[in-house]
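Q: Each chain, letter by letter, is given below.
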Amino acid sequence: MYTQSFNVPDSPGAKTVALAPSSEDPALQAAFDARIDADGRIEPQDWMPEAYRKTLVRQISQHAHSEIVGMLPEGNWISRAPSLKRKAILIAKVQDEGGHGLYLYSAAETLGTSRDQMLDGLHSGRAKYSSIFNYPTLTWADVGVIGWLVDGAAIMNQVPLCRCSYGPYARAMVRVCKEESFHQRQGYEALLVMMTGTAEQKAMVQDAVNRWWWKCLAMFGPPDADSPNSAQGMRWGIKRVSNDELRQKFVDATVPQAKVLGVTLPDPDLKWNEERQHYDYGQIDWAEFWETVNGNGPCNKERLATRVKAHNEGQWVREAALAHAAKKKAREMKDAA
Amino acid sequence: MTTALKEWPLWEIFVRSKQGLEHKHCGSLHAADAAQALEMARDVYTRRQEGVSIWVVESKAITASNPDEKGELFDPAADKIYRHPTFYEIPEEVGHM
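Taken in sequence, the protein lines are chains B and Z.
Position one of the first sequence corresponds to residue 587 (my numbering), numbered consecutively onward.
Position one of the second sequence corresponds to residue 11 (my numbering), numbered consecutively onward.
Derived by calculation from the structure, the hints in this document are not laboratory data.
Virtual Cβ for every residue (Gly too), placed ideally from N, Cα, C.
Mixed in with the good hints, there may be bad ones.
[Said to hold, decoys possible] Residues from chain B that keep clear of chain Z, each with C-beta distances beyond 10 Å, as calculated:
1. D623
2. A624
3. R712
4. I741
5. P809
6. E874
7. K887
[Stated by the list, open to error] Capping the alpha-carbon separation at 16 Å, the derived lysine to aspartate or glutamate pairs in EDC-like fashion look like this:
8. Z:K16 <-> B:E905
9. B:K915 <-> Z:E68
10. Z:K16 <-> B:E775
11. Z:K70 <-> Z:D43
12. B:K671 <-> B:E775
13. B:K913 <-> Z:D43
Modelling step: build the complete structure from the supplied sequences, incorporating the hints.
A: Encoded structure:
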């Protein structure tokens, strides 16, 4: 559910993918372009330009990493959920995120990258994941706000990806989107319940909204004018809707929800524009956003360290499962002999 | 990291959504063996009662047609329109046939 709607180069400082006219077979290139222009789909065994493949591997693996790292901020609250019901819901949601990561890793693997390569990219810090998870979840209200706003923003991003030109990615997104709606609704409902509580509980919700609102708007990526990769992504049918358009859609959808909930969105410039038939909103702090993307957010180090630790501590389990499988197979062979 | 890069093999997962329907490919996952692949497929692909039966097949056991030979492989069927019922003109008065 947590795609970064735009392409961030993986290694810090790296320039965008070189899209120089390739020396690849022009006939194959022409057939590929024709299929894209006809809104056709590309499948794993089909010929594709190297740059298309690279872009997809990077985007899908970043998306997968985001799902997996996204389990951490909410996972922190499983043991502290306020009731058994909320705990069961949160476990189910976090489990879904793990599943989403798996669908996406599988989709990326069809492009010829291995799971180990991708995990190594994440664990070594080379690969990016959605920077939204580099902020802390300070109170229980944060869990609700993540469901409502972070998942809400992610859904806006992901629905158009169901029509992505790469078949396995599109199919994975269909599955993800089906499961996603529960995530947003459970978060919103948890907040509705808090808003019927004490003044302190209401203040907790408002505080969480204040801290997450701008980060969620930044999730859609830089303004279209500063998003040089977008055009190529659109050309390839990987990206279907621009960053600014998605962001606007999210703002327009969220304002009435905030009203029903009884919270204010922390933006003095947020107001209905009769002429545009959209809400206007204020300036996003992009400097802070890039600081976080580039590793200097409040939780970057902690998140990565937690992932690496979990992976390393699971190493013996992965090895034992393989050894057990080999032993079982040998025993069956012997019995059969 | 100096971990031995030894991945669990890849399995393709097929799920029957309900009795009377066919098993349908729904994705893939890594597992040490078939039994583990089944358990994991249950957790990954049927968390909301999406299935009543699961098949797992090691990916490397699947032989696929080559997309580069799509032409030769499928073209022979393209000019045999007489294999379709609409090829035949039947008088209107005969009704549905």
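Q: Compare the structure with each hint and give your call.
A: Against the structure, the hints:
Distance check on D623 of chain B: its Cβ is at least 19 Å (rounded) from any Cβ of chain Z, clearing the 10 Å threshold; non-interface status holds. Consistency note on A624 of chain B: stated as away from chain Z, and its beta-carbon is indeed over 10 Å from all of that chain's, at 16 Å minimum. Non-interface status of R712 of chain B relative to chain Z is upheld: no Cβ of that chain comes within 10 Å, the nearest being about 12 Å off. For I741 of chain B, the requirement that its beta carbon stay farther than 10 Å from each beta carbon of chain Z is met, with the minimum near 17 Å.
Annotated as non-interface, P809 of chain B keeps its C-beta farther than 10 Å from every C-beta of chain Z; the closest such distance is 36 Å. No beta-carbon of chain Z comes within 10 Å of the beta-carbon of E874 of chain B; the shortest separation is about 31 Å. The Cβ of K887 of chain B lies farther than 10 Å from every Cβ of chain Z, with a closest approach of about 17 Å, so its non-interface assignment holds. With a CA separation close to 8 Å, the supplied pair K16 of chain Z and E905 of chain B stays within the 16 Å bound.
Among the hinted pairs, K915 of chain B with E68 of chain Z is consistent with the structure: their alpha-carbon atoms are about 15 Å apart, no more than 16 Å. For the given pair, K16 of chain Z sits about 44 Å from E775 of chain B by alpha-carbon distance, which is inconsistent with the 16 Å threshold. Straight-line distance between C-alpha atoms of K70 of chain Z and D43 of chain Z comes to about 13 Å, which keeps the hinted pair within the 16 Å bound. The hinted pair formed by K671 of chain B and E775 of chain B meets the criterion: a straight-line CA distance of about 13 Å does not exceed 16 Å.
Simply put, K913 of chain B and D43 of chain Z have alpha-carbon atoms about 11 Å apart, close enough for the 16 Å limit, and the pair holds.
The structure fails hint 10 only (numbered hints given earlier).
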